[in-house]
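Undergrad: Below, each chain spelled out in residue letters.
There are 2 protein chains.
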Amino acid sequence: MKHPVPGGLREEEEERVLVSEQSWRPCPKARRRLRGCLEWVKQQLFRVGEDWYFLFILGVLMAIISFMMDLLIFRLYEAHRWLYQEVGDVLVLKYLSWTMYPIVMATFSTGFSQSITPHSVGSGIPELKTILTGVVLEDYLAIKNFGAKVVGLTCTLAAGSTVFLGKVGSFVHLSTMVAVYLGKMRTSVMKEYENKFKQNEMLVAAQAVGVASVFGAPISGVLFSIEVMSSHFAVRDYWRGFFAATCGAFMFRLLAVFNSEQETIAAIFKSDLKIDFPFDLLETFFFAILGAVCGLLACAYLFCQRWLLAAVRENRLTAKLLATDKPVYTALVVLLLASITFPPGLGQLMASRLTMKEYLITLFDNRTWGLLVPNASSLADPPSKDPWGLWQEWCHPSATIFGTLAFFLMMKFWMLILATTLPLPAGYFMPIFVYGAAIGRLLGETVALLFPEGIRSEGALHPVVPGGYALAGAAAFSGSVTHSISTALLVCEATGHLSHVLPVILAVLVANAITQKHQPSFYDGTIIVKKLPYLPRIRSRHMASYQVVVEEFMERRVVALAKGSGFEEVLAALDTSADAEYPVLESAEPSSSPSSRATRAPYCTQKTGTLGDNCAIEPIMLQLSPWTSLHQAHHLFELLRLQRIFVTRFGELVGAVSRAEVRGDGGGQAGGTGGGQGRGNNVDKPHPTSSAPLQLRRAIEELANPK
Amino acid sequence: MKHPVPGGLREEEEERVLVSEQSWRPCPKARRRLRGCLEWVKQQLFRVGEDWYFLFILGVLMAIISFMMDLLIFRLYEAHRWLYQEVGDVLVLKYLSWTMYPIVMATFSTGFSQSITPHSVGSGIPELKTILTGVVLEDYLAIKNFGAKVVGLTCTLAAGSTVFLGKVGSFVHLSTMVAVYLGKMRTSVMKEYENKFKQNEMLVAAQAVGVASVFGAPISGVLFSIEVMSSHFAVRDYWRGFFAATCGAFMFRLLAVFNSEQETIAAIFKSDLKIDFPFDLLETFFFAILGAVCGLLACAYLFCQRWLLAAVRENRLTAKLLATDKPVYTALVVLLLASITFPPGLGQLMASRLTMKEYLITLFDNRTWGLLVPNASSLADPPSKDPWGLWQEWCHPSATIFGTLAFFLMMKFWMLILATTLPLPAGYFMPIFVYGAAIGRLLGETVALLFPEGIRSEGALHPVVPGGYALAGAAAFSGSVTHSISTALLVCEATGHLSHVLPVILAVLVANAITQKHQPSFYDGTIIVKKLPYLPRIRSRHMASYQVVVEEFMERRVVALAKGSGFEEVLAALDTSADAEYPVLESAEPSSSPSSRATRAPYCTQKTGTLGDNCAIEPIMLQLSPWTSLHQAHHLFELLRLQRIFVTRFGELVGAVSRAEVRGDGGGQAGGTGGGQGRGNNVDKPHPTSSAPLQLRRAIEELANPK
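So the sequence lines, in the order shown, correspond to chains B and D.
Residues in the first sequence are numbered from 1 upward in steps of one, following the UniProt record's numbering.
Residues in the second sequence are numbered from 1 upward in steps of one, following the UniProt record's numbering.
In short, the hints are calculated from the structure, not lab data.
Hints are not guaranteed to be accurate.
Per the computed footprint, the stretches of chain D lying under chain B, defined by three or more beta-carbons under 8 Å from a beta-carbon of chain B, are [stated by the list, open to error]: (1) 69–83; (2) 426–434; (3) 496–504.
In silico DSS-like cross-links for lysine-lysine, where the CA-CA straight-line distance does not exceed 27 Å [claimed, not checked]: (4) D:Lys-198 / B:Lys-517; (5) D:Lys-320 / B:Lys-42; (6) B:Lys-517 / B:Lys-530; (7) B:Lys-198 / D:Lys-517; (8) B:Lys-184 / B:Lys-42; (9) B:Lys-94 / B:Lys-517; (10) D:Lys-320 / D:Lys-530; (11) D:Lys-517 / D:Lys-531; (12) B:Lys-42 / B:Lys-29; (13) B:Lys-517 / D:Lys-42; (14) B:Lys-517 / B:Lys-531; (15) D:Lys-530 / D:Lys-517.
By construction, the Cβ of each residue, glycine as well, lies at the ideal position given by its N, Cα and C atoms.
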């Protein structure tokens, strides 16, 4: 409304301004209402919580990084291929160009990532698994590792199928680093406890994003990350993982469309297996055999891998190299690997000119290789892009495709294990996946050879589809090495092919049953070798875990503080033990009750006043009683991600239980009783807890052999 | 070896026997080795644990039951169809044959199941969800419900699409009953605690079997049952669910092959959507709109359903009917439903002659309905079995397929809600699934009408596939009604069609975001209406839940027993309160510490001796401190499935917290702060805890409105 006020020039001016403003904005009521509406929408959007935006940004960001990295790796790989072709027919030059390129790449990757931070080495999944159980690994998720890992990983992957490494594990690590960094930016207002809670939720989502943005598979991304990383899972974290993983997978495939690689959003390793008659019932038998073969090979692989990892650390020469000259070690190993895969040499027997992705595309091929007739050998030509040309790589004039596949499996077995000892950022899932696909393809081709006219059921002849066996093999081998079942779904999502899902699950279950009984998973094995803090699984059927009570294995010598104690006493306590937190008793009497705990923090050592005045004292949430069973204590540690819990009897502090105590028992029991009972009931044998006092150790050993 | 002993006739005979035995069994060494081998295999197989056998039997058994039930229902349905055709063209007879059959079936179902046990009514999922949180519902899983539920469910489903009910929920209940029964048979030797633990593991697996053996979908069966039933999940229970569900799904589809329904193992609602170009990028926008529509409709559905469920219980007439004459109520409701679906009447506008499975097959159809031209109306003919004949049911001479679809959606909305009030064994998932598919089909056909020539992207024209929208609609609507995301995978597994997975997940996420913000899920809603004990979810972002401590809301008046107390004192305590267990103090002083608990059991009331001598006293595992926050306490209750936990301060018993206290707070907070924040953060408003004392209630109300 207009309020003309009579007055001087100034007021008139003001009035003119008002008028002109009003002339620009008609319908004040409608505008006000609109503004109200917008306010409401804005408020609604923000009330939904920032989680949505956060997860969206995380998913999209990781997808873009994944895609850009793929693009860069492809370019680098093309450069290598070009170089190898341009060099001409001089064998020495060819050899040099074939070996030097991956050596330079891998050595640079090692040197660069090691020089910035040693945390960027490896896949990172064992460490993440440890972090998710509540252990704090300082700096492991710091953003400064990010650059080192991205650059290192790109170089590692650009070295190509010679080094035979993947990107899944490292990408999960990258994704969690980004999530923690983004989380730090927004959670400055939140309280500490809430923050910790939230961070865990976000870590779970970030892991799902990591898997999803590599394979473009949202559902199995979530499931795989849950299976591999966690022991317990809250259903309310579910949607976070799904939302972020969907954003990631969507963006990842969308970028492929924008880049004109694909016409529309489709599966990443799209396969065109026949779906009108995928498999005959009789073939389920062969799928079960495939599962058993994969399970046994996975056992052998895991055993050899752990053995080699330990051997490399113990051998004087390699240990010295790894301690001081990591790039030299890398260069030597890659030289060996590259020499073996040199195409005019042994490489021609193992299709070594294919990239990791091309390996998968050929192995998941719809055709039956045994029935195809290869062209004349054309090793000099570059491998062409069409499926026929790619398949030609598997053919060799003097060996059948059975020969090349078997040779590939034989050589890659130890080359793959050797590659896992390289101190550079890499993922170890993809090579296992490819290896499994090759196992499946070999068995599938054999079945197709046994039934050249197909399997007859109800009058009609149905040809065998070896591609289906390759799917099942990839899922079964990778699933049993990582102790996970969701690889069955991963294979379906990555190929967009669902009709083989039942035999694939069958093979995965059989393989898992065998491997989980005899070997810890790839990641648990690495945790054991790296001696990370870790809570072993307990066999739920074992009676002793119900009979042993906390009193029998708790640590009795707990350093406690009294509420009124001064600086001297606190200092003495800090000197006596290296605990991260101390129980605070109500009075100095030994029979007094702990009501709270003080954290070991620098600001706690002020020289004046008492403990109660100066230090951060938090109330204790839970206390155990001495009659709690080992099984219950283990369950609590696992569920609540505890580090240490105090034991009280009639309100008197009598001891404490930390992971070391629970672990000591678990390990002892496993040793006493031998084999397990199937999934989840094996105790993965941990390294002996050297810190436990002798008395306790003896008790544990007695417990280990119950009558 | 032969030991010839000189002696009488008898010894010679013996020798001869020995010789003849040996002549029958050559190569004693090889045999001994073989026998040793077999022993070893046997031992190995049994050492793997009986779990495998148990789960295998469970899966196979449920699949057989599911298949037999399907077969029987099909026969009964065929009989109804035949009757309806044979009756001729007399409208009255037609009407009677159309309405009487479902009325008889549904009334018998109600009467039979009610007369045996009232527990067999409904889907059973809300009760199972409550049981999984640790509440003991007596007799709910007793095997005597089994027969009643199987017979009742068969009759309900034989009433066909008139009543519009499904079998998923009931089948989950059946599966858990079988699992508990099988479990009882084998766990006689185990200890109680272990047994309880094991039973929970088996329940989770059984639920997965229930879903998997209905849809033949192993992976999504496991995921859906987790999402719907549990709040936390142990990864080690995973393989059990997968193994049992795979056995169930495999057997279920295998039986279909043996019965010559299918040529080989294939998806249950196999669809042949075009997979070379499933959808254009622009279409993701329409999929998001579809998700929003499904979410809004799901909100309306859930609200109306709860309202009607309460209204039917409160209305004098219906309440009286439901209390005394349940079959009469069923008969009246089914008469109304059948009259509306009568094909010559309104039924012709809603394709009422199709079965539930045929509804799904037509809605997931590959063709675009708007482009097809129907034959002349043939309402008199029975619907033929080919897709074209089935589709004809959706056509009406005076209404387009848009008209029939819209009418179907409008009428089925309230008919579906009305059907859920019927007191008979039934599942409520399938109708929601079909309804969602119809929403999707309608929107898909609309999009296809808007872009009759397809959507142009990069030069090429790509036609719209309305079947893909039907998939997304089914997943989004059923997912948002049940608050689950795994329906996206369920739809893919049930149709064997994976290429639409990304837009389907998108729609499901959008729909879930809307519904979870405004309404409790279908099962939670039923729990609220049925007043089952239940722990509401807590909003993880709400600050107050971190600030409120146990001291402020715990129950202070705890009836405790002293260890030396005699019969009189125990009797007095039992009279004073109705607690299920009592803390046992070390001495009679009030400041004494509780070390153990006595269970309220009949053998505890022996008239001589003290409590310590006669009663079952168990040690207390955990104690809370008064400074534990509400959030932490809630977390503990949820994780450990606690019913009640005692609070001690300096070793002195000061109170107890049970679900009622935690729930009271949760509800109060929700009322104070309004809307939630997305998945998992809403507090589903519970019924007010009338048992809480006034003082406590006031405290809760104060907490509900923090400054």
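Undergrad: Now tell me if each hint is right for this structure.
TA: Now the hints, each set against the structure:
1. 69–83: violated (count 0)
2. 426–434: violated (count 0)
3. 496–504: Three-residue rule met by the region 496–504 of chain D, so holds; n is 6.
4. D:Lys-198 / B:Lys-517: 19 Å, holds
5. D:Lys-320 / B:Lys-42: It is violated: about 49 Å lies between the C-alpha atoms, which goes past 27 Å.
6. B:Lys-517 / B:Lys-530: 22 Å, holds
7. B:Lys-198 / D:Lys-517: 19 Å, holds
8. B:Lys-184 / B:Lys-42: 24 Å, holds
9. B:Lys-94 / B:Lys-517: At roughly 47 Å apart (the allowed maximum being 27 Å), Lys-517 (chain B) and Lys-94 (chain B) break the hint.
10. D:Lys-320 / D:Lys-530: 17 Å, holds
11. D:Lys-517 / D:Lys-531: Roughly 22 Å between the alpha carbons, so the hint for Lys-517 (chain D) and Lys-531 (chain D) holds.
12. B:Lys-42 / B:Lys-29: Holds: Lys-42 (chain B) and Lys-29 (chain B) sit about 20 Å apart, inside 27 Å.
13. B:Lys-517 / D:Lys-42: Cα-Cα ~16 Å, so holds.
14. B:Lys-517 / B:Lys-531: Since the Cα atoms of Lys-517 (chain B) and Lys-531 (chain B) sit roughly 22 Å apart, the hinted pair holds (cutoff 27 Å).
15. D:Lys-530 / D:Lys-517: Holds - the C-alpha atoms of Lys-517 (chain D) and Lys-530 (chain D) are around 22 Å apart, at most 27 Å.
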